[in-house]
Every structure is written in structure tokens, then in C-alpha cells.
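> Residue-level listing of the chains:
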Amino acid sequence: MKILVLIKQTPDTETKIRLTADGRNIEQGDVKYIINPYDEFAIEEALKLKEKLGTGEVVIASFGGDSSKELIIKGLAMGGDRGLLVSNAGLEGADSLGIAKVLATAINAEKADIVFCGKQAIDDDNMHVGTMAAEILGWPHVNVVTKFELNGTTARIEREVEGGQVEVYDVTLPAVFGAHKSLNTPRYASLPGIMKAKKKPFDIKSPADIGADPSVLKPKSLIKGYKYPPEKPKGKIFAGEPVEAMVEKVVKLLRDEAKII
Amino acid sequence: MKVLVFIEQRDGKIKSSAHEALTVGAKLAGNASSMAAVIVGNNVSGLTSQLAGWGADTVFVSDAPQNALYNVQNYASSVEAAIKAFSPDLILGVASPMGRDLFPRLAARLDGAILTDLTAIEGHGTGISGTKPMFSGKCLAEVSTEGAKLSFATIRQNVFAAQKPGHGNATASAVTAAAGDGRIKTIEIRKGKSAKPDLTEASLIISGGRAMANSDNFKVLNECADVIGATVGASRAAVDSGYATHDMQVGQTGKTVNPNLYIACGISGSIQHMAGMRTSKVIVAVNTDKDAPIFGVASYGIVADLFQVVPLMTQRFKDLLK
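Taken in sequence, the protein lines are chains A and B. Okay, so the first sequence: first residue is 13 according to my numbering, each after it adds one. Okay, so the second sequence: first residue is 58 according to my numbering, each after it adds one.
Each hint should be verified, as a subset may be incorrect.
Think about it this way: if two alpha-carbon atoms lie no more than 27 Å apart in a straight line, the pair counts; the simulated DSSO-like pairs of lysine-lysine are [unchecked claim]:
#	chain 1	residue 1	chain 2	residue 2
1	A	Lys246	A	Lys81
2	B	Lys253	A	Lys264
3	A	Lys271	B	Lys72
4	A	Lys28	B	Lys84
5	B	Lys347	B	Lys72
6	B	Lys206	A	Lys246
7	B	Lys221	A	Lys271
8	B	Lys70	B	Lys347
9	B	Lys84	B	Lys250
10	A	Lys14	A	Lys62
11	B	Lys338	A	Lys248
12	A	Lys271	B	Lys347
13	A	Lys271	B	Lys379
14	A	Lys159	B	Lys206
Just so you know, these hints were derived from the structure itself, not from any lab.
All chains, full assembly: derive it from the sequences and hints.
As C-alpha cells, this is what we get:
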């Protein structure tokens, strides 16, 4: 079985986002990049599946810039077999649908049987690409997956929705699954794993190399610029008084000023 | 512009957030003949009358047994049928789990532009522009679908106040869509244990951090939550330490919340936590460390031990709400 994992490079969650002076872009300089945290659950699920089946290949793939290469290698160090970077050089402004079209072409070219990705990237928070790639391929998808169990070519899937409700699905492969946090606990790369990863097969291809028409990347959904969220006015912070008195003041403010309680 | 609003229902009940989408849709459409709604389910035809006065002259209904439980194949085909029937410029919904599942599929199917989780929205000819939080709200992006022939958008819940426009006679119009090929079968939808609203929909939240020290101590927060009708959340530190379950996690790798009141107890306020709750309208912080970053975003703060503060606060709330 060929298992493909889609990953994306995102800024670390503890990164402070700074904007360029003209507000057109996000300052790249001091940003530390990581594998999108949800994608690590996708990698883990792919590795677990291969281990359970005792056979198969796990391909770690991304659409991105040169710096994505080392994150794919990190996925190989966790246990992936092969890396694929579809280069976004000159196509950095592509929107989610354009990226999904390119990745769908890659999934097709790889003849993947199953695709795992993270439920969403923590940069644009869109939850688009995995679902869109499935639609383009004519495949089923389930996103926000908290439980995955494969029996033959059918997977029993649980998906978390609001209010603690769980949707339970039977999905016929090939299909795309978006991993949520509680799906598993991603493994750490072992030292031998890290050593071996650098020697594993790795391809860097342009969208044209895999047969994607670059014109599909002309974005329809545009980002015009960025701004910071409005500053909060300074709050009323109480300290050094008896606890009863401070609680009394805050409850009164919630009642009379904020009018919430 | 012509707007089609997706009305989300579960168990035959229209979600309250659907009214937020209808309010926004009516403003963009300008008049009731330029707006339609679409509702998908089983035995849901009776719901159309509830939409009278909510801005749409037409309500498309895809009423079929296969739509009893949410299934993206069947729901996408149903909404697609309504799009074919109405030819809208914009399909508008809510960034709920269902909306965020359905809309990307439809946008890919119909090669449309899509903007997700908007906190502001404006019409421009046949396209839209708006504001969308990114990095869980660390910054806001100005986004647009100008020039697109077909746009899809979801709005963030709890941001736009629902206001009945008072026009639109919501005449039902049936649409049909063939059942999917069964490659996605919805087996069941298990109910959550809690009767409280989900964190993402809650208007009052009380959250605990690392200082909770263990899972039993969350009962202090639960008691307060029960008095004011709040939902209980947690920081990543509390979840990673096993004090709370992951579905309670607020922050960049948890839930982004937008309540009227957020009470942070023993939460220092890491960048990734604040990203998930900074748009809360009023924030109360309780922490023993006066230098904790959470006080920087707090409307009101108490520098003291949460185990002293919260029970007293619960009692005061109880007195007030008697």
C-alpha cells in the first residue's frame, strides 16, 4: 500500500508574528519553522498503518520552498521511506485551491492508496487543502479524524465535531484523512533514524514535472495585506488586598461595567 | 449580489449561528429576491417557515432519508443543486465543523474562490472582501475574492449579531440530489456527554492552566461554570500534563474561542494560548504571578491563588443570580 503524507511548513506556535512595515507580508527573518503540528499526527498514523500492514511505502510530500526540505527529512527520520518536495518557486502566492490541484496531481502521479494530512495548518487556519484535493481526485475524505481503523479497503473513522459529538464513518479507499490531535502520539525521531533519513530517496520537482498545469495556480482567493489585532485597553488588575475584597470588586465590575453577569 | 445562505441543522433544529449568516447574507444581497437559503436534512421541510422574515424569498430544501445524518457527499450534492437552481455570486455559511467540511469541497467542485472564518465581510460587485484571523488571531489578513465568478465564504461564529431583517417570505422550493455512491457512509453521530455548549460556541468560558495541579481540582472550575452556565476549558500545559482532555484545549493547537467572558485561572498566558482566546470580549485573569503575560490582555485581574479566588467568585455569582 502506498501511503502519502502531506505536510506544510508553519511558524512555531510560540512565534510572535511580526508584519513588514507596509503590512503586505509577514516578517520572515526571525521566524522558527516547524512541521505543522497536526501534520505530525498524520505522519504518525501513516507509520502506524505501515507497521500494522507489515508492508507498504510512506511518502512524505510537501508543496513549498527550499526550507521545507529539512522538515520532510524530519518526517523521514521519524520513519518515512521517501521524500517529495513540489517546489513553489515563483508560486508563493498560490491559494489553497491551486495548491490542492497541484497536490492532487502529485497524489495521482504517485498512485497513492491513502493520504494523511493534518486537519488544518496553524498559519492560515483554513482546513482547505486535504478536503479540496480529495474532491479534485473524486475521493472521499474525512477531516478532524480522532480514530482510524483500516479493515481491508474500508476504514472506520471517527471525527470530532462540536459539543463533544462524534461522527462515525465507513470510508472506502482511496481516501484523504485529516488528522486531529487525539489520533495518536507522534514518535520522536531516533538517532539512527536521523542518520538514515539523509540517505533516503528524495525528489524535488516543479509542478510541471509532475504534470500540473501552472496556470491552475493563479489565485482566486487573495491576501491583500495584514494587520495586527486591535490592542486591548489596559485592564484593572487588583493585587495585595484581601482576596474577598478583590473578588468583590471584580464581580461588581462584571456586573456593572461589563454587564455580563 | 446574489447570495445563497447554507442553513445548518442537526437533529431537525436550525443552529442559532445560521441566523448570523442570514443577517450577513441579507445585508450583502440587499433585497429578498437576491437571497436564497438552502437547508439539507430528512423531514426538514417544516423548518422553512421558521426562516420567514430572515431575508430570503426562496428556501431550497433537499429533504431525503440519506440526509438524516451529515454526510459530505450527499450534502455537497444537495447544495450544488441549489447553486445550479439559483446561480448565486456568493454561497455563505458558518465556520462550524460542518461548514468547514462542506465548503472547501464545494469550492473545489465548482472552481470557486473561498474565504474561511471571516470576522468582517463586504461585497464588491460579484466578489467579496473581508478580514480573517490568521495564526489563531496573532494577526488579521485582509482577504478578497475580487474578480472571481463564484465565491464561497464562512463567517466566524459569535462575531456578527443576528438581527432579523423582517423581509423575505421563505417560500420552499424542493431540490433533489442523488444519494452518494456509498464510499463515505455515516454510521452514526454519537452525542457528547456534556449538555453545555462547545467551547467554540460558548458565550462564557472558565479555563484552568498548569496551576490546577491535577484533574480533580477542575471541580472548582466546574462548580463555577455550573452557576453561570459556562463551558470549562484548559490551557495546553494543563492538557499536556493530563489534567484536562484535549477537547478542552484553548489555543493555537486547540480551539479558538470567542466568548463574551473568558475567565483564565492559573494560566500564565503563553503566546499560543492567547492566540486562541484574545478576541474574547471580556477577559478575567486569576494568577499568583503578577508578571504573568495573561494580565496584559485581561480586562480585570486578581493576583492571588485561584483556589482561594474561584470558590469565592462562585459564591458571589450564586448570590447575584439567585
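> Does each hint hold? Answer for all of them.
Consistency of the hints with the structure:
no.: 1; hint: A:Lys246 - A:Lys81; verdict: violated, 43 Å
no.: 2; hint: B:Lys253 - A:Lys264; verdict: holds, 25 Å
no.: 3; hint: A:Lys271 - B:Lys72; verdict: holds, 26 Å
no.: 4; hint: A:Lys28 - B:Lys84; verdict: violated, 36 Å
no.: 5; hint: B:Lys347 - B:Lys72; verdict: violated, 41 Å
no.: 6; hint: B:Lys206 - A:Lys246; verdict: violated, 45 Å
no.: 7; hint: B:Lys221 - A:Lys271; verdict: holds, 24 Å
no.: 8; hint: B:Lys70 - B:Lys347; verdict: violated, 46 Å
no.: 9; hint: B:Lys84 - B:Lys250; verdict: violated, 38 Å
no.: 10; hint: A:Lys14 - A:Lys62; verdict: holds, 9 Å
no.: 11; hint: B:Lys338 - A:Lys248; verdict: holds, 15 Å
no.: 12; hint: A:Lys271 - B:Lys347; verdict: holds, 26 Å
no.: 13; hint: A:Lys271 - B:Lys379; verdict: holds, 16 Å
no.: 14; hint: A:Lys159 - B:Lys206; verdict: violated, 38 Å
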